[in-house]
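Residue numbers (my numbering), protein chains in the order written: chain A, 26 to 204; chain B, 400 to 871.
Just so you know, the hints here were simulated from the structure itself, not pulled from any lab data.
Keep in mind the model is a prediction, meaning the values are calculated, not measured.
It cannot be assumed that every hint is accurate.
Stretches of chain A that chain B covers, calculated by requiring three or more beta carbons in the stretch to come under 8 Å of a beta carbon on chain B [to be verified]:
id, stretch
1, 53-60
2, 69-75
3, 103-111
4, 115-129
5, 167-176
6, 180-186
Below are the BS3-like pairs computed for lysine-lysine, each with C-alpha atoms no more than 25 Å apart in a straight line [what the hints assert, rightly or not]:
id, chain 1, residue 1, chain 2, residue 2
7, A, 31, A, 181
8, A, 31, A, 116
9, A, 161, A, 189
10, B, 414, B, 602
11, A, 189, A, 31
12, B, 867, B, 709
13, B, 770, B, 442
14, A, 189, B, 709
15, A, 51, B, 867
16, B, 604, A, 161
17, B, 602, A, 161
Virtual Cβ for every residue (Gly too), placed ideally from N, Cα, C.
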Amino acid sequence: MSTSAKVFGIMAEYTTPADAMHAAEKVRDAGFRRWDVFTPFPVHGMDRAMGMKNSKVGWFSFIGGVTGYTSGMLMIWFLNAIDYPIIIGGKPMFSPFAAFPPSYELTILLGAFGAIGGMLFLNRLPRLHHPLLRNKRFALATHDRYFVVIETSDPKFNEVETRKLLEAAGSRSIELVEE
Amino acid sequence: MASSTTATALPTVPKELERIPLVNNDRTPGWISDRVAGICEGKAPMWWWAAFIPSLMLAGVLLAMLAYQISTGVGVWGNHHPTMWAWDIINFVWWIGIGHAGTLISAILFLLRQKWRTGVNRAAEAMTIFAVMCAGIYPAIHVGRVWFDWFLFPIPNSNAIWPQFRSPLMWDVFAVSTYFTVSLLFWYIGLVPDLAVMRDRAKTKIRQFLYGLFSLGWTGSNRHWSNYEKAYLILAGLSTPLVLSVHSIVSLDFAVSQLPGWHTTIFPPYFVAGAIFSGFGMVLTLLIPLRRWCHLEDLITMRHIDVMCKVTLATGSIVGYAYVMEFFIAWYSGSPNERFHFLNRALGPYWWGWVCMMGFNTLVPQVFWFKKCRENLWFVFVISILVNIGMWFERFVIIVIGLHREFIPSNWAYYLPSWVDIATFLGTFGLFFTLFLLFMRFLPMIAISEVKGVTPYADPHMPQGGAKGGHH
């Protein structure tokens, strides 16, 4: 928009996943915090190269599953044994065996909601705008290129030094991305 | 870590130990994007219109039949006493069974690390969703008064009554609706990175906006991929018990009753195997022509066809075992009603249904023991259709033969479908193919990012992935 647009970060392009991974290891070892690697598919070993911890999505799913199972059991018990008891073939008003199949399905349903909701929440998605998505070259991140981006908001960010670091890691195309 | 000291020597694999590649002709990630996304770009080919227009017309037939049946009543069907369930439930079970292959490919094969699944999982998942839609129509309309369908769900109402959860039919409501919801979410979450591919290639504003909206702002960030992959793994882990439970619960609709031929403990595993069997039949029926018409031979390779034929053979044999075991148990149980039912199944007035079931499901797939048969695409295509005809007859045998001879001989009757039964069933094919053709025209029908991920170009330890040799 304006000529003095704020800079979001510095973006380095790599042509192979191995190059991007080695660059990530260097950026990690240099102690950067606000940075990321962008790849067209998940690259195995990249999480370790970036020094990331195991994803927390599992906890969201677990809580969803437990909620599903208990609410299924409680619902069926309340509906068929308390609020509206009717005799069916001499069967008990509530039996965990008959209540199991619907509760099992609810476990899976809410567990799935938890996994997807948790993933979206941890990724802060959906979002309608991202500075990188405005960059022409970055469109290749979903095609066949690998990008390392270090944000200007990182305390260790220094345009000259950071550029040197990314160049040394083998990038042939480095540019600044506007906010 | 132990690392090789000579930095230049990458390990070379002897020729005879090399695996058949998942993507033929050493295609690069960029080529995969262009080829798969290219199907959804540009003008629709003639064959697409030639398939789409008849499908849409057939879907119109379905709509007309539903309108006629709902406005008139279930009497327009051939169902009568004692055959109270007939084509409605046969077609429900048949369609929902077809769906099972999609979830098997996307979930169970994911957990088993079967990387070949990436070539076929997207199309198979779409098939699942559309098949479950076709299936879902039947239970909704077979109740007769569709405006009371909401009674099936525990919704507070002014009658102060609640559904009765001791009935397997209520379990079915929860199983099928969960199955549909989770399959749809699993499919959509798998689509998100590929929708971003479509967004980044979009030439028109409207495509950019729509693909952009549904790709949720996906950037391919590795911090996102990490959570994404975990969520995908959990969804696969949840869908596996889900798909096994859905057809088990469908089978309990029968097995929990007291009817000879239905009251069997073998039903859950046998229904699940049959479902996967018929689903793979449908996947082959869809993908054999599509890989040719869309020029996807490098991505859906002969290896894919080969393994799918083998799954068909394995599940067909499990089903065959179950058919024989049912006869054995009928004899071994000593129950005269069971014995009568199974003799009537093979020798009664519907003997031809039983012959079709045994022939198409048990004998025909045995040809897949032979490599020559798995490599002939015309042959595989014909067999994949026979498999689904056979599986339709399996449900016919269970439901119609099970019901038409009830305990009091004065109630015995011979069931025939009405023309509405037949037109409604044909109409569901119209709906299925309309949705499938729209899917393959507007959404990437192969999981682009997943296929890229199984090529050597994606592996940082392979020379194609940029490995320089030695330890990094």
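Tested hints:
| no. | hint | verdict |
| --- | --- | --- |
| 1 | 53-60 | violated (count 0) |
| 2 | 69-75 | holds (count 5) |
| 3 | 103-111 | holds (count 5) |
| 4 | 115-129 | holds (count 7) |
| 5 | 167-176 | holds (count 3) |
| 6 | 180-186 | violated (count 0) |
| 7 | A:31 - A:181 | holds, 18 Å |
| 8 | A:31 - A:116 | violated, 71 Å |
| 9 | A:161 - A:189 | holds, 23 Å |
| 10 | B:414 - B:602 | violated, 44 Å |
| 11 | A:189 - A:31 | holds, 21 Å |
| 12 | B:867 - B:709 | violated, 39 Å |
| 13 | B:770 - B:442 | violated, 38 Å |
| 14 | A:189 - B:709 | violated, 54 Å |
| 15 | A:51 - B:867 | holds, 17 Å |
| 16 | B:604 - A:161 | holds, 15 Å |
| 17 | B:602 - A:161 | holds, 13 Å |
Comparing the model with each numbered hint stated earlier shows that hints 1, 6, 8, 10, 12, 13 and 14 do not hold.
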